[in-house]
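Asks: Starting from the known structure of chain A, arrange chains B and C on it as the hints suggest.
Single-letter residue listing:
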Amino acid sequence: MGNLRKIFGMAVFTAMLAGGLYAGASAQDAPSEPAEPTDCFESRDGYSSVTREEVDGKTNVKCSKETGGVLWWGDPYYGTEAMGEMPVPADYSREEAVVKPRTTQLRYYMPCTQCHNGSMVPYPKNKKPRELAMHQDIVPDSMDLQHGRGAIWCLDCHNPRNRNTFIDHNGGEISLNQPQKLCGKCHGEVYSDWRDGIHGKRIGQWTKGGKKRWWVCTECHNPHMVQTKRFQPIKPEKAPALPKGMKNANHERHGEHKSEGSAEKTGH
Amino acid sequence: MRHKIQFAIDFVTYAVRGGPKFYLWMLGLGFFILLMSYGAFRQFTEGMIVTNYNDQVSWGLYEAQFVFLVGVAAAAVTVVFPSYVYHHKKLKEIVVLGEMLAIAAVFMVIIFIMFHMGRPDRLWHLLPVIGIFNWPNSMLTWDVLVLNGYLGLNAVCGFYYLYKRYSGQEVNKSFYMPLVYISIVWALSIHTVTAFLINTMPSRPMWFHSMMPIKFISTAFAAGPSMIIIAFLVIRKNTKLKIADEAIELLAQIVTWCLGIAIFLTIAEVVTELYPSTEHSFSLKYLMFGMHGLTGLVAWYWSSIVLMISAFILLLTPRFRKDHRFFLPLACAMTFAGIWIDKGMGLVVPAFIPTPIGELSEYTPSWIEIINSLGGWASGLFLFTLLVKGAVGVLLGDLKNGGEWEPIVISEESKEESYRG
Amino acid sequence: MSDDKKKPEETAVQGPKEATRRGFLRDAGTLTAATIAGAAALVTQTDEAEAKASWAEWFQKNYRLMTDEEKKESVERLEKRYSEEYGKATTVDSSPAMEGVLFGYALNIQKCIGCRRCVHACVKENNQSRNNPEIQWIRVVKMEKGNFTTENMDKGYPKDYGIQVGGNAYENAGVTLEGEHYYTPEEVPEKGSFYFPMQCMQCEKPPCVKVCPVRTTYREPDGIVVIDYNWCIGCRMCISACPYWARRFNWGEPNLPQEDMNPVTHYLGNRPRMKGVAEKCTFCLQRTRKGRYTACVEVCPVGARKFGNLLDPESEVRKILEKKRVFRLKADLNTYPKFFYFID
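Chains as they are written, first to last, in the working numbering: chain A, 413 to 680; chain B, 22 to 442; chain C, 1486 to 1829.
Keep in mind that the hints were calculated from the coordinates and are not lab data. Warning: the hint list may mix true and false statements.
[Said to hold, decoys possible] Dumping the calculated BS3-like pairs for lysine-lysine here, alpha-carbon to alpha-carbon at most 27 Å:
#  : chain 1 : residue 1 : chain 2 : residue 2
1  : A       : K470      : C       : K1609
2  : A       : K620      : C       : K1808
3  : C       : K1775     : C       : K1690
4  : A       : K620      : C       : K1775
5  : A       : K659      : C       : K1760
6  : C       : K1630     : A       : K650
7  : A       : K647      : C       : K1609
8  : C       : K1676     : A       : K477
9  : A       : K659      : B       : K306
10 : A       : K477      : C       : K1573
11 : A       : K597      : C       : K1809
12 : B       : K113      : B       : K421
13 : B       : K421      : B       : K42
14 : A       : K470      : C       : K1775
15 : A       : K620      : A       : K593
16 : A       : K623      : C       : K1775
17 : B       : K42       : B       : K261
18 : A       : K620      : C       : K1809
19 : A       : K641      : C       : K1630
20 : C       : K1695     : C       : K1556
21 : C       : K1676     : A       : K647
22 : B       : K306      : C       : K1630
23 : C       : K1808     : A       : K593
24 : C       : K1808     : A       : K623
25 : B       : K261      : B       : K185
26 : C       : K1573     : A       : K470
27 : A       : K641      : A       : K593
28 : A       : K650      : C       : K1609
29 : A       : K623      : C       : K1809
30 : A       : K623      : A       : K597
[To be verified] Only some residues are given here: those of chain C computed to face chain B with a beta carbon under 7 Å:
#  : residue
31 : E1663
32 : G1664
33 : H1666
34 : K1695
35 : C1697
36 : W1716
37 : S1725
38 : W1730
39 : R1733
40 : G1737
No experiment lies behind these values; they were computed from the predicted model shown. Just so it is clear, CB atoms sit at the ideal spot from N, CA and C, and this is done for glycine as well.
Chain A extracted, bound-state conformation (with noise of 0.2 Å):
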């Protein structure tokens, strides 16, 4: 009798630990979820980008594991300053508009006047198009800036004198973190709509004046590969759940005739 206790007491012991090992073993296989990650892109990969935060006990953004990108604000105004004067053309006088600067997410911005001084690169003397001998990561080919398609230059836009500023009509400064004010030079209809809030992104109170933090143009869009690749492709999110039962979606690709994969050139 005792025998028999002491033998089922061994089984009980070694299942246990065959299935404590067991377990052990299969939590290191199950392949781990990819954390949230701290530094998400907020519109396309490569543009502005946040760092996820606590503030106060609660996140200021949360984003997706699949993707990297901002999925859910938390506070809309994470990272902003003043836009500036906004005149309202409404019933209402003022609207309160942010920005996030856009100086801190150039990738060159040190700021630009640490070079382009006039001594260490001396100012040019021209708006003539040129080779270019540094930048060609941003403009490949100088001689051929697709933007407005030969009709300007890099200092069409780009402020010979002070090239931490954008240059206006009347050779006035226009702030790089405004960038609006110098596309709206041509693209009149565009900006309309934008400062309509029919173009581009607004985050924050859709309220009458309310708190608004306004996406300025260069945070979607290229300026210099405009023609090339007018936005940067990015890979979407999971697709939902099948119905219960179904074991594919082959049924949706009736008509597979379609280049597979992506685009490089999307046609918006």
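Replies: Only chains B and C this time, still in chain A's reference frame:
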């Protein structure tokens, strides 16, 4: 009052006693009811996740039974109407059996509604005064009204008649006849409203046509009497109750013509939908031929068509229709099965495929759904058997308390001669 | 009900469970016994409180018919229950519709790239069940622009009837019922495709409201079609009646992990649901009634989603109606959606 209680006691005691065949039948039904109680427990505790319903196909096997059984309930009128409007003597003698079927069918309808509900515990929200009854806006509230009203009408008519017979008294015609006429119209209304319940939703183009009520009624008046004929044949085989050939013959004719109309309406629908073949005919196309490799309902559809058409041909041929031994019950069973498919898996499910925004998916009932549905039917048949058995007892004169009504009995000897089956 | 008056934060920090356990420790003799019995007491205590709360919830009236006092009571009860259940201070707002506001939505169909970020933003905001069932209120459907080639000229319908052969590529192009719902390319947008997101349109003549037998779903003055989840009987008439497939059903008890739960909720909006009830997009009314944009508008990377007050001529939706070509989905059904699609 004591008299009425005595009637109830006598009725129940008579109904639950029977021979070995009876007990075996009830035991068999009991088995399915037991299975259902497990399924119901799972569904009511875990929710409808135990079914294979989903956001794409949000109605399924339960609603199919619901729609079909409302038709069966309404079909009691095929017995009541000829009896009281055309004074068909032979049918009038046994009219109460039709009412018993209506009661059992509505009982099943209620069971399937309970399974249909996501929150059966909150059904009280429907009650006027303590809840909100969105009448007349919601078609569902109309359905609640007509179904409950129909249950009440049939229970009152049926049991009033049985009670009067039991006590050997004459029925009070000024009380009884208006109820009968109301119940005739009401029977049409329950199935019409059920048709309105689903055909008033343009979101489901397959349902969205004005032919739905008449198709519902014609199919119901084919499937319902089929079941009644089979029940009659079983009753007269196993009891001394005299169910005349004329009664069965009349019901068989009703089945024939209603089935014919149903087939005609089906053809009309198919032509109307498939000739222009718009996006709105996707559901019907999916049902008939499948779409993009999804063919889950195709076999169901065509088997239903084959069943209905062959049953119609059998019924049209007098030789077969009058063969109460084999061909009539066969044709009735085929009609019943064909319409059960046509109104169930062939009507409820495909309307959800594709979804209003074009998503195709397929639905197959889960095991829980199947056992719950079988159990729902078993419960209904259980009740039907008891009701019919008690009613037959009264008609036979086995159950009586004074007075003299002539029992509708046929002697064993004459049974062979006068019945064709 | 005095307990319920506590702020949710307090409840979360020191709930009634704690107090009971400590009381028990003092009275009971040995540590072991106290641990076991304490655990038992803890369980029964919670069950009792929970049972009491759900009992009260079960008996409560339809939200629309509640007095302010009853609404307050119900909201506090929910705050307490959610705070305990999800381990964080949860607020249940009951703000009514704002004066002079009629919500409208506009979506630039030309801009949408089909990235589905709106779908997932919505889930993060609105406390949908994450799996089994997975519930998402927005569905993005991929549509084809069509592919017309000379090779296909002789193919297609109706080739066998001798009526017309050739000159017929028979392709789906544009908005049709044969889109793709489960597309998973490496990158979007894909060449030759465009995308069509759909969600609740907040119809002015909503078929779902008409068919509801218990009026648990109804239109608020700001135009939002809402659902009192506690009053829904789960008959799914609304799901069948919706021509936009906007409604979802909690087939089982929703699975919402504690850490994913958004504690800022509204009674008629994103508060956690229970099994057996319908739900759908409410234009994030917990946010929008506080002046904030919806979660989907804020996350859209291309700014295709626009939202505002239809009664304000300066609002972005009104500007769109004024300046752009707009259409409503399935306009033939006369549901008058307040969700507009537009093109530049």
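Asks: Indicate, hint by hint, whether the structure satisfies it.
Replies: Results for each hint:
1. A/K470 with C/K1609: At roughly 14 Å apart (the allowed maximum being 27 Å), C/K1609 and A/K470 satisfy the hint.
2. A/K620 with C/K1808: holds, 19 Å
3. C/K1775 with C/K1690: Holds - the C-alpha atoms of C/K1690 and C/K1775 are around 25 Å apart, at most 27 Å.
4. A/K620 with C/K1775: It holds: about 12 Å lies between the C-alpha atoms, which stays within 27 Å.
5. A/K659 with C/K1760: The hint holds at about 25 Å.
6. C/K1630 with A/K650: Holds, at about 23 Å.
7. A/K647 with C/K1609: holds, 19 Å
8. C/K1676 with A/K477: holds, 26 Å
9. A/K659 with B/K306: This hinted pair holds, its Cα atoms lying about 22 Å apart.
10. A/K477 with C/K1573: holds, 23 Å
11. A/K597 with C/K1809: Distance ~22 Å between A/K597 and C/K1809 Cα, so the pair holds.
12. B/K113 with B/K421: holds, 20 Å
13. B/K421 with B/K42: holds, 25 Å
14. A/K470 with C/K1775: holds, 18 Å
15. A/K620 with A/K593: holds, 23 Å
16. A/K623 with C/K1775: holds, 12 Å
17. B/K42 with B/K261: Holds - the C-alpha atoms of B/K261 and B/K42 are around 16 Å apart, at most 27 Å.
18. A/K620 with C/K1809: Between A/K620 and C/K1809 the Cα gap is close to 21 Å, so the pair holds against 27 Å.
19. A/K641 with C/K1630: Holds - the C-alpha atoms of C/K1630 and A/K641 are around 20 Å apart, at most 27 Å.
20. C/K1695 with C/K1556: holds, 25 Å
21. C/K1676 with A/K647: Holds, at about 14 Å.
22. B/K306 with C/K1630: Roughly 24 Å between the alpha carbons, so the hint for B/K306 and C/K1630 holds.
23. C/K1808 with A/K593: holds, 22 Å
24. C/K1808 with A/K623: holds, 24 Å
25. B/K261 with B/K185: holds, 21 Å
26. C/K1573 with A/K470: Holds, at roughly 12 Å.
27. A/K641 with A/K593: holds, 23 Å
28. A/K650 with C/K1609: holds, 14 Å
29. A/K623 with C/K1809: holds, 25 Å
30. A/K623 with A/K597: Roughly 26 Å between the alpha carbons, so the hint for A/K623 and A/K597 holds.
31. E1663: holds, 6 Å
32. G1664: holds, 6 Å
33. H1666: holds, 5 Å
34. K1695: Constraint on C/K1695 satisfied, holds at 6 Å.
35. C1697: Hint holds; C/C1697 Cβ to chain B Cβ min 6 Å, cut 7 Å.
36. W1716: holds, 6 Å
37. S1725: Holds - the Cβ of C/S1725 comes within 7 Å of chain B, reaching about 6 Å at its closest.
38. W1730: Holds: closest Cβ of chain B sits about 5 Å from C/W1730, inside 7 Å.
39. R1733: holds, 5 Å
40. G1737: holds, 3 Å
Hint violations for this structure: none, all hints satisfied.
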